[in-house]
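Put chain B on the given structure of chain A with help from the hints.
If you read the sequences in order, they're chains A and B.
Under my numbering, think of the first position of the first sequence as 192, with each following residue one higher.
Under my numbering, think of the first position of the second sequence as 31, with each following residue one higher.
Listed next, the in silico DSSO-like pairs over lysine-lysine satisfying Cα-Cα at most 27 Å (straight line):
#  : chain 1 : residue 1 : chain 2 : residue 2
1  : A       : K774      : A       : K398
2  : A       : K398      : A       : K336
3  : A       : K644      : A       : K401
4  : B       : K177      : A       : K822
5  : B       : K155      : A       : K605
6  : B       : K155      : B       : K177
7  : B       : K177      : B       : K109
8  : A       : K620      : A       : K605
9  : A       : K642      : A       : K398
10 : B       : K155      : A       : K620
11 : A       : K822      : B       : K155
12 : A       : K728      : A       : K772
In short, the hints are calculated from the structure, not lab data.
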Amino acid sequence: MAVGQNVLRKEGVEKLTGAARYIDDIALEGMLYGKTIRSPLARGLIKSISFDTDFDWSPITVCDWRDIPGENFVALIENDQPLLVARDVRHAEEPILLIAAESRTLVEEAASRIRIEYEELTPVLSIEESLDCREIIYGDDNVFKRFLIARGEVDEGINQGDLIIEGCYRVPHQEQLYIEPQGMIAIPTDTGMTVLGSMQCPYYVHKALKQLFNLSDEQAVVIQTMTGGGFGGKEEYPSMIACHAALLAHKAQRPVKIIYDRAEDIAATTKRHPGVIRHRTAVTRDGRLTASEIDIVLDGGAYVTLTPVVLSRAAIHALGPYRCENVRITARAVATNTPPNGAFRGFGAPQVAFAYEMQMEKIALRLGIDPLELRRINMLKEGDITATGQQLRWSVGSEDVLNAAVERSHFREKQEAIQIERASGDSRKRRGVGLSFFFHGAGFTGSGEAKMKARAGIEITDQGRARVLSSSTEIGQGTQTIFCQIVADELGIGFDDVEIEETDTSRVPDSGPTVASRTCMVVGRVIQLAAREIKEKIKRFAAELFGAPEIDLMEGRFVEGGKVLASFAEVAREYAAQNGKLKVESQYASPMGVEWDDDSYSGDAYPAFSWGAEVAEVEVDMDTFEVSVLKITTAQDIGRAIHPLLAAGQIEGGTLQAVGYGLTEELVWDQGRIVNRMLTNYIIPTSMDAPDMETVIVEKEYPHGPFGAKGVGELPMDGAAPAIAAAVLNATGAFVSEIPVTPERLMMIHEGTRRESNED
Amino acid sequence: MKIEFEINNTRREVDSPPMRRLLDVLREDLRLTGTKEGCGEGECGACSVIVNGEVINSCLVPVCQTAGASITTVEGLAKDGRLDPLQQAFLECGGAQCGICTPGMLIAARALLDINSQPTRDEIKEAIAGNLCRCTGYVKIIDAIEKAALDP
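Only chain B is shown next, with the shape it has when bound in the complex:
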C-alpha cells in the first residue's frame, strides 16, 4: 500500500504493508535510524516520534494510520546545521549518557515545550514519564529541559 506523509518537513511516500509498525518503516525504509526500539511494547519510549503534534510510540502504530500526517523524528530537530535548543541543553547539562533513550527523550521534551514553553520540574517529569532512562537518574535530563525552556 502506498502511504504518503510529511516527515521532518519533507513529503515522502512509502510502499508498505499497511499494518507494518511505523517504527520499522522509519528505520528500514527511510533509514531514519535515530528512532530506537527498546521494548516493542510501548513501555520504554525510545521509539517516540511526534505525529501531528502528539508524542506517540512508533512501535505501536501501524504505518497506515499516519497517512497524510506530519511526523517529526529526532533527525528533524536540528535545523540548518544548528542544534535545537533542547539538543544543545542536553549536551551542556549531561542529559545524554549512553544515548539510546535520548532521541525519544528529546521528542517528548520537544512536544512538551511546543505546548508549554515554561514547564515546572513536575510538569517535565510527567512529560517524560513514558520515556525510560537507565543511565542518568533523570536529574540531568530534567535540568536540560528546564534550561532549554529558559534559554530557547
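Only chain A is shown next, with the shape it has when bound in the complex:
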C-alpha cells in the first residue's frame, strides 16, 4: 500500500540537484525581457505619456491599453480590473505601459526615459475612509459585496444571556512571500499563444489568455513550470502577468519573459485582506453562548478580483467552531485605492479566527472561566449545527484535536507552573501559555464544487504505466506524490508505476484551481474514481483474456486463486493493442445530501471541515516587549493523511506563516504605496525565529474523500496568531486585539495608552 506511507516525493530529486527548471531558469532563442511601467499614485488621471526623443526606441517594444485586441480586463469574477490603465488610475503600482527589449539593462534604461503626468485625485486609503463615503470609488457606497448569515432569534438569545461582551479586532495585510518571485514567458505560435510560468491555476490563465486574444481552447496553451511557492499569491495574479507577457510577445512576435523582482512583487501583487471584525456576544454565567452578532469589514483594494469569495469564507467561519443558536453575521467588503487584495492561504478564515478566538479569551476573562473550559462548553461536536445551519454529520475531530493539543503540550501543567513562577516574584522575562481552537471548510464554499465539476483522468501509457491527468499544480505541497499514491492503491499497482502528466492545458482537463484545501479531498477523489473505472475495465478485459472470472489486480499483478497470471503492464499493452489507448476521465459530484442555498446563505457550506487546536508557549521580555515563541503544539484533524510526512510539512509550514502573521509581518503604507518592499524590512520568520513544533495528526476519516482524506492546506494558517496572542495575555495581562503583536504595539497596550485596551 502507498497511502499512509511516506514515499519519496515524485519531483524530489530534481529539486535537490538543481535540475528542476523554474520559470526564470528558462531562456529561449530570441527572447525579450519585459517590464511593467506602473503608477506611483494611488488615484488619479493620466494626462500625458511622453517618450524621451533623445533615446533610440527602435529596439524597444512598447504596449499600452490600445494594443489590447479585445476588452481591457483580466478575466475573473467581475471584469473590472484593466490589464493596462487607459486613463483612471485606481491604485499605486497599477500597470500602465509594458516595454520589452533584448537585455534587462536596455529595458531598465528605456523605462527611465518615459514620463507620465497625472492629475491627482483624493485617494481612499482605509476601511474607515471607504465607509465614510466622502469619496465614492465603487458603486454608490464603496461596498463590493455584502453577506448576511442569520440563524435563530438574536434578540431572544441576548435576553437569555447574563451578560453581553463586545470586542473589536483588527487584522493586517499579509504578503504571501513565496521565495520564487512571480514570472511568465509568453511565446507567440502559428496558431495562437503559449504561456509558461509560475502559477497555481493554469486554467485561470488559460481563460484570461483566451479572452485577451479571442482564442479557442486549443489556440491558448498554458504550461505550469516548477513553482517556487504560491500560498494563494499565484492564484489570480499570474493571469495579469501572463496577459502582459503575451501582449508584448504578440506585438514583438518574439518570446517575452517577465520576472518580477522582489520589490515589485511585494509592492504590486495581491495581499491577504486586512479587516475590522466586531463581536457582540451574549453568554450565561456558566459560559454558554446564547447569541452572537458579528460584523466583518474587509478591505478589498481597488478591484473586485476574488474579494467576494474571500468575504464569503470569512463570514461562514466567523462564529468559529462553536455552538450558538442565535446568530447574525453581517459581512461587507469595501473598495480602497490600494492594490487589490486576494487569495492567501486561509482565504478570510485566519482573519476571523483571530477575532473569534480573542473574543473567547475575552469572554473567559470576564466570566472568570478557564479558557480551555469555555471552549469545551461551546465546541461543535458531531450532530451539532453550524451558523449556516449545517448539521455536522461526519468526520468531526473537534474533541480529539483539543484533547490531543492539551495533553501533548502539557497545557495544564504549564499553566500551573507559570502561576507558581509568577507568585514567586516578578521577573524581566515572563512566560505565558495560550491556546486556540479552529476549523476550516475544505473545498469550495457552498455550491462552488457542484458548479465547478472538477475533471481529472488517468491514461495507461504505452509502457503500461498509469499517468494522472489533472490541472492541479504541484507548488510544494505534494500534489504529484499524493495523486500517485491514491492511484497506486485504488488501481492495485505500485507507486513507482504511476506518473503525472505535465500541467499543460493542451494535455490535462480542468480540475479547477489549486486552492481552497481542495486538491486532495476533491480532485484526489475524482482521480480515485477514475482509477476505480480503469481497474474495472482492465479487470474485465483480463478476466476474458485469461478466462479467469475471479481475477483481481494487486500490487501490479493479475492474480486468481493465489496464482499470478500476468503483470499489469503486460495486460495493459495487450488491452491497447486490441482496444486502443485506455483512458478515463471523471468528474466531481457532490456527495448525496450536501446542499447549499445561495439566496438564504444557508445549508452545507462545505462537505467537510478540518479541525485544529493549538497551544503556544511564549516568553515576553518586559523591557523590550519582544515576544519569543518557544513552542507550538498543534493537533489537526485532516481526515486520513495520504502522506503523513507531507501533511506534517504542510502543518508546520502553515503554522510558521501564521506565527509571522501574528508577530512580525506588517506592511508600512505611505499614500497607498508600500514602503517596506524588501526582505530586510518585511520580516518573515527565519530558522532562528521558528519555535519548536510538535504536530499531532488526527485522522477522522471523511467518507467521501479519497481513502478518507479531507483538506490540510489552509487549516494550519488559522490557529497560531490567536494562540500566541492568548499566550501573551497569559504572560503579561495585555489583551491584544490587533496583530501583529509587535513590541511597539504591546508596549502601548501595556502602558494603557491604546484606545482598545480601555474600551471595556
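Then chain B, alone, in the frame of chain A:
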C-alpha cells in the same frame, strides 16, 4: 574581462564585465540555474554558493572577486550520480517542498557539515538563519541536516 575559477571541481573561464553579479554569471553564462534569485539583496539566501569554503550570497558578489576561487553550487553536490547525504536526507525527511530555497539550504548545510560534522539543532538553526524558507517551518530541514550528520 576574462576570469578563471574552479567550479564544482572543473576549471572554467568566463568573459564578463568585472562587476557583474556572480549569480548572473552562474545562471546565464554557465547555465548553472540551480542557484536561485529570491530577493537580490542578500536576505533570502536562495543564491547561496560556497566560495573557498565559505557560504556567500552570489547576488552580492561581483564576479571579479571570485577570480581563482573554488566555487561549489548545488549542481556540484551529487557526485558520480550519487546524491550527497544531505540531498538524500532532505528527500527522506521532507526537507524540500516547493524547492526554491532548497539549493541555498543545501549549500549552507554542506558548509556547516564541512566544518562541524556533528552540529546541535541550535547550531543548525544558526547556520541556515540566512536562508529563508516559506514552506516548511524549517522543522524538516533541520531534521534532514541532523540526519545527514548522523548518517553521512
